[in-house]
Amino acid sequence: MSESDAVESLERLGLTSYEAKVFIALQKLGAGTARDVHRITDVPRSQVYSVAENLADRGLVEIQQSNPIQYRPVDIEEARETLRSRFEREQERAFDYVEDVRDQHDDGAEEQEAVWTLRGGDRVAERAVELLREADERVVFGTGRESLVTDEVERTLRERAAEGLVVVVLSENPDVRARFESIDGIFVHEPPVGHGQESPAGRVVFADGDTVLLSVVGDDTSLGDARETAIWSAESNFARMLSQIVEANLGV
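With my numbering as the guide, the letters of the sequence shown map in order to residues -5 to 246.
No lab work stands behind these hints: they were computed from the structure.
Hints may be right or wrong, so weigh each one.
Here are the computed distance ranges between Cβ atoms for each label pair [unchecked claim]:
1) Val210 x Pro168: 21 to 31 Å
2) Val210 x Asp90: 18 to 28 Å
3) Arg80 x Glu(-3): 18 to 28 Å
4) Trp110 x Gln58: 56 to 66 Å
5) Ala50 x Val95: 33 to 43 Å
6) Thr76 x Asp145: 47 to 57 Å
7) Val95 x Arg234: 21 to 31 Å
Glycine residues also receive a C-beta, built at the ideal position from the N, C-alpha and C atoms.
With the sequences and hints as input, model every part of the structure.
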């Protein structure tokens, strides 16, 4: 890390540019006067006095009332702890205010349903696995595309079945069904209406009747992984309603 990088980092911790430069200069000097600090920095000598006073107020510099006045930085670990405590204190104050503002504007007049969109097969697969892992009682996973049954998805379904959850796998693809038919605790079904490989349907995940993920796969092969797009919602009225409708149509 260069000195300019260190100055920028100290600025992000709440110091001004001049304060950061004076603090680093005093670390180099061990102790020094305003003239000494000015000699190795671009901080005007007339500014060093007030900057050093600010650093002393922050607990980062000690001042010796001599003639001329001497400045000495506190121990590195002490400075580190001082800045850390200040950062945490400011963070707590800021988020306390944000929390108060949120509570003041939450009058219960309108409940916004959280429905999220994902793009890209890897991101969809990660979210599907996360929803499967967070379920408490029952999960349904469905796809007609064997390529969308990743090793992580299969391993997670096996683990959830072994943990005693009701695990259902839906697929019109016999190759997908064959991967799970011999696994204890996993119920394999063929949906009443098949879509075939030409369907844009990607994968579906239902969990506990209040969490849902639905994806579609576009036909533009040049997009690769980005062809898959999904919507998902957890513990929402939207997810409960959609789960009831789709699961009823699928017969599960």
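So, going through the hints one by one against the coordinates:
no.	hint	verdict
1	Val210 x Pro168: 21 to 31 Å	holds, 22 Å
2	Val210 x Asp90: 18 to 28 Å	violated, 43 Å
3	Arg80 x Glu(-3): 18 to 28 Å	holds, 22 Å
4	Trp110 x Gln58: 56 to 66 Å	holds, 59 Å
5	Ala50 x Val95: 33 to 43 Å	holds, 35 Å
6	Thr76 x Asp145: 47 to 57 Å	holds, 49 Å
7	Val95 x Arg234: 21 to 31 Å	holds, 30 Å
In summary, the structure is inconsistent with hint 2 from the numbered list given earlier, while agreeing with all the others.
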